[in-house]
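Peer 1: Model the placement of chain S on the given structure of chain Z, informed by the hints.
2 protein chains.
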Amino acid sequence: MASTLRHSSRLGIRTARFVLPRGRNAYATVAPFFSNEPIQPSVMTPIPGPVSRKAIEELDSVFDTRSLNMICDYKKSVGNYLVDMDGNVSLPIPGNTIASIPVGYNNPRLIAAMSSKEAVDALVNRPALGGFPPAYWASLLKTGILAVAPKGLDQVFTAMAGSDAIETSYKAAFIYRRRIERGEGVDFTPQEIESVMKNQAPGSPELTIMSFKKAFHGRLFGSLSTTRSKPVHKLDIPSFDWPQASFPRLEYPLEDNIEANKKEEERCLAEVEDRICSWPIAAVVVEPIQSEGGDNHASPAFFQGLRDLTKKKGVLLIVDEVQTGVGATGKFWAHEHWNLESPPDMVTFSKKAQTAGYYFGNPLLRPNLPYRQFNTWMGDPVRAILFRAIIQEIAKHDLIKNTAETGDYLYRELEKLASSFPERVQNLRGKDRGTFIAFDTPERDALLKKMKTFGVNIGGSGETAVRLRPMLVFQKHHG
Amino acid sequence: MASTLRHSSRLGIRTARFVLPRGRNAYATVAPFFSNEPIQPSVMTPIPGPVSRKAIEELDSVFDTRSLNMICDYKKSVGNYLVDMDGNVSLPIPGNTIASIPVGYNNPRLIAAMSSKEAVDALVNRPALGGFPPAYWASLLKTGILAVAPKGLDQVFTAMAGSDAIETSYKAAFIYRRRIERGEGVDFTPQEIESVMKNQAPGSPELTIMSFKKAFHGRLFGSLSTTRSKPVHKLDIPSFDWPQASFPRLEYPLEDNIEANKKEEERCLAEVEDRICSWPIAAVVVEPIQSEGGDNHASPAFFQGLRDLTKKKGVLLIVDEVQTGVGATGKFWAHEHWNLESPPDMVTFSKKAQTAGYYFGNPLLRPNLPYRQFNTWMGDPVRAILFRAIIQEIAKHDLIKNTAETGDYLYRELEKLASSFPERVQNLRGKDRGTFIAFDTPERDALLKKMKTFGVNIGGSGETAVRLRPMLVFQKHHG
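For the record, the sequence lines run as chains Z and S. Quick note: the first sequence uses UniProt numbering, first residue 1, plus one each step. Quick note: the second sequence uses UniProt numbering, first residue 1, plus one each step.
The shape of chain Z in the complex, shown without the other chains (with noise of 0.2 Å):
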């Protein structure tokens, strides 16, 4: 990608290995995981071409095309590579599924696994996990979603998407909260009984959530109250009057700028410390790296602070991995980067997961009464079978140490990128953050339009940042 931004407007599609200076050979040493894959990108048609732009007027006639960015066959698309309906051959990064396809397309233990018996079971006989929950469900939870739950949280809430598991870690912290304040083994007041069904005060109470500025945690009712990333997600929906506190903005490079940015992070912090003062908060909610709101980093020691503070102060801290975990930054969590001393209260996933939820440790997280937090379906074992098979493909093949070589290895290309062009490449962030990378460069639209022309599908974060996503079987090569 990084000398294929060097070379598009010169060599036309014609792919990166080709023009570096240490050839093909310098990545023999290291296999291909798909060994069928194609080898470049190829684009022979505009995108969308002539198949797609009918296929896409007769998808518009019944469902809104106008966020649509291709038209795929996903039948045909190996490993990394992305084939449309007119045969264009295209190498998202992430493009495709907004970063949610972590070991690439048709992996061969992905189709093992869905083709099994047990799958199809788990899709045919559907069952309602909280009432109903199959046989299968305790070990299949040990085994996957449990088997890489972060240090110090050995529960799971499952749930079904990115914002249903932020909305249900949300009513967990508020039913933590008010069981600390009523006491244990208090039980409801006639007042709140009667006064909830009004949706009033005190049995909905007035607590809050406090979020980042532009923070992205979904796009439901809760959790749109703490998405603060553009206006267009949040316009015209009603929402709660909730707090908010600014997310450091660092200086590039770091090392130019360790005071500057210290204080940075310190005038954040403080600003927390007066919202919990101010308001009555039952979670802070943030995200390790700020993903739509820009590709945002902040320090390990403001995360740190975070936590020490929120301790302090009895409030819960929610950490919203939903597109920074399973792998892409190098760890499994990007939480981990942090060495905190106590973990998070709380960790939400999705996206790359394939299946959704809340991880937790502590046990009064668990409602005091059952049917507090509940619903039908409560998560999806075929998601969950799917996510164990991703795991297990992880494992076997060091996914994590392949994300973290192959972004060292982009993030070293793209600083000399940005030493050679630095007005093209600026602010470029993510070091020692695997693959999570970004950087801001002006006519960013402009670019990444070109870019898919060449068959190169990346995209935007915020309003000025180039964000890579690529799968965890990204290799040197496909740079």
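Please keep in mind that the hints were generated in silico from the structure rather than gathered at the bench. One should not assume that every hint holds.
Given that identical chains are not distinguished, each listed pair holds provided it fits within a single copy or across any two copies.
When the alpha-carbon atoms are kept at most 20 Å apart in a straight line, the in silico SDA-like pairs for lysine to any residue are as follows [stated by the list, open to error]:
1) K151 - L364
2) K142 - I56
3) K142 - D64
4) K263 - R444
5) K401 - R412
6) K76 - D86
7) K230 - D187
8) K76 - E118
9) K142 - L269
10) K75 - A112
11) K142 - T65
12) K198 - D241
13) K230 - Q200
14) K431 - P300
15) K452 - G49
16) K198 - S246
17) K117 - I258
Peer 2: Just chain S now, kept in the frame of chain Z:
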């Protein structure tokens, strides 16, 4: 079921058909849908039995089991019959999966659909439907979800579960309302763009959704603000200050209370009108039959009045068919019973559909810009494939007609019981509504518990109702 109810205390686990006056031969003309179904429930241990108890203990160490009804061996379950880990065979009506299994456990057509290459592809290469839809998405929608779209509604927004189906329909209503208020083509103001990032008006407007007392529409923050079923669903969770109106409380039998019920419905409609005049209401949401709130019915005249009133006042009408949809009332959609002159603005679906979303017909319900109603997955193609197979199975065996006929039969039998035991079977309701039948009974929970020991797993709704929700493949000989 009716006869089991009558005879259970006398005959233990012997099933209905052996004791009904007409005997088994009365059903000989109706071929069973599953030739390999057990002929009756059989319960050999307490439920949960020793194997299940051990499994529950194991599961509880990582997952809340306090709402657990039964731990199931789905692979051994067939048709209407559910097998638990101790080998007990139960007849869930609905028991399992909260009325969400439509055409029987291990239905062969569904097994074929979920074993297909198409399904495996949809799982392994899960597309982000908004940005990167698969080539087959348009035809899958047209031959599946949209082939059963309610009259007048030819568009769909797909979702994951009932709660996000409802919440995205609310978002569509708010965006639509502001579009009409703002005027076509008028941009957001700088004040809107600035205030919305602080969760404040005018960008985040003070609009509301009106729901009915005793309604259930889900458990996330927006949907929970319209749910009014039980305090335990809502306590300690912040909610929007949104209005409610009374839902009719009809007197039974209907034919003896015509005048009183007419007045009651008029009273409720007057309340709705009052709310619309006093609150900024973007939409009214209503269930055709209040399902969690106690199986509360209203007449077609009430719903016609509600449609007329909302239309006159420029308020959208959302019909929540998450529980009533897909055949259970003897029509595909329950609101077809009302013969409306103009269709609802949106109709939500989930549960028996196995997939979720909302239908709509008005093109202005597509937001004026892309990415306003958007998320990573935007639904789930494998569930859309599953729903298509369910639709085919319903058509092939005329299961809507079966449900209407079975429902008539069950209703008549329960009517006889009500006449013999008026104190045990009160307020029988659901005539001409397929198998969506309920009655009130004193000591309801004790009855349900006792039935479970006979292998008949019935559910309750509200505080006193016993509700039937059998599958669409439930036949007279199961009754």
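Peer 1: Please sort K230 with D187 into within, between, both or neither, judging by C-alpha distance up to 20 Å.
Peer 2: Result: close only across copies, 16 Å inter versus 42 Å intra.
Peer 1: What label fits K198 with D241 when the C-alpha limit is 20 Å: within, between, both, or neither?
Peer 2: Classified as both: same-chain Cα gap 19 Å, cross-chain 8 Å, threshold 20 Å.
Peer 1: Within, between, both or neither: how does the pair K76, E118 come out at a Cα-Cα threshold of 20 Å?
Peer 2: between (26 Å within a copy, 12 Å between copies)
Peer 1: Within a copy, between copies, both or neither: which one fits K142 and T65 at a CA-CA cutoff of 20 Å?
Peer 2: Between copies only: 15 Å across, 40 Å inside.
Peer 1: Checking an output row: K230 and Q200, CA cutoff 20 Å. Within, between, both or neither?
Peer 2: The answer is between: 14 Å across copies meets 20 Å, while 30 Å in one copy does not.
Peer 1: Using 20 Å as the alpha-carbon threshold, which applies to K431 and P300: within, between, both, or neither?
Peer 2: within (13 Å within a copy, 64 Å between copies)
Peer 1: Since the copies are identical, ignore which copy is meant and state whether K75 and A112 lie within 20 Å (CA to CA) inside a copy, between copies, both or neither.
Peer 2: This pair counts as both: shortest intra-copy Cα distance 15 Å, inter-copy 19 Å.
Peer 1: Checking K142 and D64: alpha-carbon separation at most 20 Å within a copy, between copies, both or neither?
Peer 2: Intra 39 Å, inter 14 Å, cutoff 20 Å: inter-copy only.
Peer 1: How do K198 and S246 come out at 20 Å by Cα distance, when the copy is not named: within, between, both, or neither?
Peer 2: between (34 Å within a copy, 12 Å between copies)
Peer 1: I want to check one pair: K151 and L364. Are their C-alpha atoms no more than 20 Å apart within a copy, between two copies, both, or neither?
Peer 2: within (18 Å within a copy, 48 Å between copies)
Peer 1: Have a look at K117 and I258 and pick one of within, between, both or neither, based on CA distance no larger than 20 Å.
Peer 2: neither (56 Å within a copy, 54 Å between copies)
Peer 1: Please sort K401 with R412 into within, between, both or neither, judging by C-alpha distance up to 20 Å.
Peer 2: within (17 Å within a copy, 67 Å between copies)
Checked against the numbered hints given earlier, the structure breaks hints 4, 9 and 17 and satisfies all the rest.
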